[in-house]
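Number of protein chains: 4
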Amino acid sequence: MTSQPAPLQEPTRRERRIQRQQKAIMDAAAGLFAQKGYRSTTTRDIAEAVDIGESTLYGYFSGKKEILQAILSQQAGAVDSLLVHLNELEDRQSFADLVDLLMETILARRVYNRVLVAEAWTDDEILQAYVIENWQPVMQTLQDFISMKTATGVFRPLDPALGARMIVACFIAAILPVLRGVESPPSPEQRHALAGSIVEIISNGLYLQKGQA
Amino acid sequence: MTSQPAPLQEPTRRERRIQRQQKAIMDAAAGLFAQKGYRSTTTRDIAEAVDIGESTLYGYFSGKKEILQAILSQQAGAVDSLLVHLNELEDRQSFADLVDLLMETILARRVYNRVLVAEAWTDDEILQAYVIENWQPVMQTLQDFISMKTATGVFRPLDPALGARMIVACFIAAILPVLRGVESPPSPEQRHALAGSIVEIISNGLYLQKGQA
Amino acid sequence: MTSQPAPLQEPTRRERRIQRQQKAIMDAAAGLFAQKGYRSTTTRDIAEAVDIGESTLYGYFSGKKEILQAILSQQAGAVDSLLVHLNELEDRQSFADLVDLLMETILARRVYNRVLVAEAWTDDEILQAYVIENWQPVMQTLQDFISMKTATGVFRPLDPALGARMIVACFIAAILPVLRGVESPPSPEQRHALAGSIVEIISNGLYLQKGQA
Amino acid sequence: MTSQPAPLQEPTRRERRIQRQQKAIMDAAAGLFAQKGYRSTTTRDIAEAVDIGESTLYGYFSGKKEILQAILSQQAGAVDSLLVHLNELEDRQSFADLVDLLMETILARRVYNRVLVAEAWTDDEILQAYVIENWQPVMQTLQDFISMKTATGVFRPLDPALGARMIVACFIAAILPVLRGVESPPSPEQRHALAGSIVEIISNGLYLQKGQA
DNA sequence: CATGAATGAGCGTTCATTCAT
DNA sequence: AATGAATGAACGCTCATTCAT
Chain S
7 MTSQPAPLQE PTRRERRIQR QQKAIMDAAA GLFAQKGYRS TTTRDIAEAV
57 DIGESTLYGY FSGKKEILQA ILSQQAGAVD SLLVHLNELE DRQSFADLVD
107 LLMETILARR VYNRVLVAEA WTDDEILQAY VIENWQPVMQ TLQDFISMKT
157 ATGVFRPLDP ALGARMIVAC FIAAILPVLR GVESPPSPEQ RHALAGSIVE
207 IISNGLYLQK GQA
Chain B
7 MTSQPAPLQE PTRRERRIQR QQKAIMDAAA GLFAQKGYRS TTTRDIAEAV
57 DIGESTLYGY FSGKKEILQA ILSQQAGAVD SLLVHLNELE DRQSFADLVD
107 LLMETILARR VYNRVLVAEA WTDDEILQAY VIENWQPVMQ TLQDFISMKT
157 ATGVFRPLDP ALGARMIVAC FIAAILPVLR GVESPPSPEQ RHALAGSIVE
207 IISNGLYLQK GQA
Chain U
7 MTSQPAPLQE PTRRERRIQR QQKAIMDAAA GLFAQKGYRS TTTRDIAEAV
57 DIGESTLYGY FSGKKEILQA ILSQQAGAVD SLLVHLNELE DRQSFADLVD
107 LLMETILARR VYNRVLVAEA WTDDEILQAY VIENWQPVMQ TLQDFISMKT
157 ATGVFRPLDP ALGARMIVAC FIAAILPVLR GVESPPSPEQ RHALAGSIVE
207 IISNGLYLQK GQA
Chain P
7 MTSQPAPLQE PTRRERRIQR QQKAIMDAAA GLFAQKGYRS TTTRDIAEAV
57 DIGESTLYGY FSGKKEILQA ILSQQAGAVD SLLVHLNELE DRQSFADLVD
107 LLMETILARR VYNRVLVAEA WTDDEILQAY VIENWQPVMQ TLQDFISMKT
157 ATGVFRPLDP ALGARMIVAC FIAAILPVLR GVESPPSPEQ RHALAGSIVE
207 IISNGLYLQK GQA
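Chains as they are written, first to last, in this note's numbering: chain S, 7 to 219; chain B, 7 to 219; chain U, 7 to 219; chain P, 7 to 219.
Mixed in with the good hints, there may be bad ones.
You can't tell identical chains apart in this list, so a pair holds if it fits in one copy or across any two.
[What the hints assert, rightly or not] With a straight-line Cα cutoff of 25 Å, these simulated DSS-like cross-link-like pairs (lysine-lysine) come out: (1) Lys70 x Lys42; (2) Lys71 x Lys42; (3) Lys70 x Lys155; (4) Lys71 x Lys29; (5) Lys42 x Lys155; (6) Lys42 x Lys29; (7) Lys155 x Lys71; (8) Lys155 x Lys29; (9) Lys29 x Lys70.
Derived from the structure by calculation, the hints contain no laboratory data.
Given only the sequences and the hints, what does the whole structure look like? Please build it.
Written out as structure tokens, the structure is:
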């Protein structure tokens, strides 16, 4: 008895405090991983950045590797939510809005994504589990969209896989310096304009078409 | 005849043997750096890959870091040679040939380039010294080309910097899996066809133009 | 009473434990440095002598070199305190007491001083920073004392610098085997008698003077 | 047959060349050992100083340690020759000449002696084999001399061992900076004058004696 | 729950010595 | 006889992790 309150669902207080601390550790660690790489970042670096004792980290994560995995996992959900919008992609949905959303999604957690790129670049398991696994549905949806457009004579005949890759490449290239950490993220307005330009290029190419004035 | 004194060029025998050994070390190291990252690759790993004693490495390089720098430096010359072709880029020179050459250049040392990307992603000095320094002239030339085409009404009005970035992004995206090490390099024929497709897309876009049939 | 807040001086508990451990490391290291020399003593040797892990050393000193410097620095303060007595050196203060004090001071940290001699013998910076720097004032005071005695006709005419050096040489020679580690240190009584004999010789020489009987 | 000339005593030509090379190595090594210590001097350092290949050293000495021992052994003979003069030490032989000779002997090979002091200070075997072994006869002779003088009423009553140590201490102290390498060696005239001063002090002390004017 | 202290495993590097040429 | 090349052994030091408090 002794007035034990709410024995079942208790994600309250202590639980939240733990999650807040975990997020603080992940943010600090991600910043360091992005700057110096996972391997060159020491647990001492992380602990100092969060201003806690080095061994306190082990109360929130089972080790350095788990901190990395927690950071990498963060992106999975975010990309999933994209699928909803992608599946609705029809003519009435402008490309620009989609690209804008993709860029916004990636930039929202740009530090986490920078870490993801760094690690996936040298680690096959991470590439598979956190990149291919998450982006495969996106690429597939894009390919299906292209196939449909090609079949209906809207798009020129082209390899859907290559087309999908080009689309993604173009908008990622546009934000690469931000992702890499050498440029500031664009304002929503800038980003929107950028998305428009990219879609213009990818849709109609560099060459001026006749009749476009 | 027989008494050829050869007084000048004397990089013979021993010199060549040293350079051969240095290349063997660099190749082995690059493979390991690409797989596990520079930091996670130990000098013991490298020595075992070349099948020499760990301390023998130090007869050819002053340290682990110097091996990395030798690998990174390799690319500088290759990119320089591109500029010659870029500067000749006129109407009569097809885009496709240029893109083909760019891809060939990058893929020729694809393992070295994979290491370069990995390190430049987390190290600002390497990014500056080995990427920006080398690619800036290439990007500038591309921008100038685009500006010229835009001014003469051949290209649509667009930001030359963005256009240049799109061009590079498209062909790099096409070979990214090879660079990353998860796909085999294309045959020259495949590569040539790929270059054609990329140029087609980047030139005229995804949409089928009227009058193109 | 009991509510003593002690707001200022707080080198308590942990601070003292750290200093105790540092001293234990310094003592063990000094013994090894004295026996085998600094260069031939490994950090593993020191750690084993203190019975701690090798890496634990680095929690108390930043490296092997810092352990040496801590040992060398120890003597500075001790020599400084001598100056007080030296400056009071007048007729009423017997030479013997001064020499006794000098010997006691040196022998109190004889192992540290043995290390100091060893390193100063081959390292100019250490010679300057830890020997000349500390002993210069002592030598100067002795020279001033001799000059004064010479001027007043008590001492024979002689080079004060040479005289000072002879004084120091004689008492150091007397304790050299102890400093070197091949003899046990003398008891206070033995040391006192030794000081008397040395002063007798340095004062009146080996020759029996007329009228001394 | 084959006209083999002089099969027995053949310390000619080749033998002498070997000895000349050995001496060159010993001199270079002694200079380095004196500056940086035996342990901190590498075989590469020595080889470079003699301008030969590192492995060539092993044609003249069996290893680094043997070079050191050859250097240390050099002094043995020199000290032995002193004994002849010491044994002739009588009244008619002035102290000053003896001290002058001692100083000259030590300074003649001052670099070798600096190495000897350095190594004997931390190595008991070297102390025994190269210092005590060589200097014991000298000390003994001095003690016998003092005992005789004391018995005949010329010297004051004193411990012969202490007296002998004082004598040696005084003249070594006078040349210590030269031995250490921070002062240039004195000219023969300077050395002679120095010897006179030292003998004056050690004989009659610092105090002005009555009747000495 | 937080942490200072401790540490084993392993890192990059040096060096005296050997050996084929 | 001379040496460039090679290397095992060992060095000083770092760090992710554990544990007593």
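Each hint tested on the structure:
1. Lys70 x Lys42: both (15 Å within a copy, 17 Å between copies)
2. Lys71 x Lys42: both (15 Å within a copy, 15 Å between copies)
3. Lys70 x Lys155: Cα proximity of Lys70 and Lys155: none, with 47 Å in one copy and 52 Å across.
4. Lys71 x Lys29: within (15 Å within a copy, 34 Å between copies)
5. Lys42 x Lys155: neither (44 Å within a copy, 41 Å between copies)
6. Lys42 x Lys29: Cα proximity of Lys42 and Lys29: one copy only (20 Å, versus 27 Å across).
7. Lys155 x Lys71: neither (44 Å within a copy, 51 Å between copies)
8. Lys155 x Lys29: Neither: 43 Å inside a copy, 50 Å across copies.
9. Lys29 x Lys70: within (14 Å within a copy, 35 Å between copies)
Of the hints listed earlier, those the structure fails to meet are numbers 3, 5, 7 and 8, in rising order.
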